[in-house]
Structure formats: C-alpha cells, structure tokens
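Participant: So for the sequence shown, the working numbering puts the first residue at 1; every next one is plus one.
Please note: incorrect hints may appear among the correct ones.
[To be verified] Pair by pair, the computed Cβ-Cβ distance ranges are:
| # | residue 1 | residue 2 | range |
| --- | --- | --- | --- |
| 1 | His25 | Gln52 | 16 to 26 Å |
| 2 | Phe42 | Leu85 | 35 to 45 Å |
| 3 | Phe109 | Ala72 | 11 to 21 Å |
| 4 | Ala11 | Ile106 | 41 to 51 Å |
In case anyone wonders, no lab produced these hints; they're calculated from the structure. Yeah, the Cβ is synthetic: ideal placement off N, Cα and C, and Gly gets one too.
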Amino acid sequence: ETQEQLDRFLAATQSLVSAGTRVRHVSNTPATIRGVGTELDFVRVGGLLYGQPPDDSEEGEAAFAAQEWQPALSWTARPTLVKFLAQGRTVGYGGTYRVPDGGQTIATFNVGFA
1 ETQEQLDRFL AATQSLVSAG TRVRHVSNTP ATIRGVGTEL DFVRVGGLLY
51 GQPPDDSEEG EAAFAAQEWQ PALSWTARPT LVKFLAQGRT VGYGGTYRVP
101 DGGQTIATFN VGFA
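Work the whole structure out from these sequences, hints included.
Facilitator: What follows is the structure, given as structure tokens:
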C-alpha cells in the first residue's frame, strides 16, 4: 500500500517536475527509517532528530533498532499536577486515552523548549 501511494504521488507530480518544480518530499520519520521516498529531495524526520522511535509497534521498534539509531536526549522533570480521574474520562490530544475501570491517577509534567 505504501509503495502504491508513493508511485501515485510520483506520477501525479511528474508534470510539476517537468515544469521546473525542484522540491518534492513525502518521507516522515517512519517512512525515512523504512527507506520509503527517501530518494526525493527532503525528508521530515521530526522526533527522529532526538532519537525517538516512530511508534510503539514491534515493526517500528525493529526498524529503529536495525539502523542503530540511539536516543539523543532524556527528560528529567517533576510533576506539576497529580490528580485522580474517574473511569471513562479522556486524556491527551483529541482525548485519545480513556481512563480504565476503577479510575486512575495521572500526572502532568512541565517540559519543552522555548
């Protein structure tokens, strides 16, 4: 499926290249690690710059390890808020994590860069 998407992109943008467009890119961190689309002009590696694997899947971790990428930093922080959340509450961007039965204690950490 990924190769098919790449092939469709290359075909769709060929007329742009013929007209003088010089820059095309499709590879994010997972694609870069897997070597998909890296023959184009740029890659967008995001978290890979910091040594962060692309995802938690076995395939992602294996691809990361196979190329011997190493974490480039570690975080040290104290929690800024600790609280108990009832079952069913959601947490995270887009509410992607749902608190399981019985509730759960969560913490937030003030980390980042300016």
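Participant: So, for every hint listed, does it hold in this structure?
Facilitator: Now the hints, each set against the structure:
no.: 1; hint: His25 - Gln52: 16 to 26 Å; in the structure: 20 Å, holds
no.: 2; hint: Phe42 - Leu85: 35 to 45 Å; in the structure: 41 Å, holds
no.: 3; hint: Phe109 - Ala72: 11 to 21 Å; in the structure: 19 Å, holds
no.: 4; hint: Ala11 - Ile106: 41 to 51 Å; in the structure: 47 Å, holds
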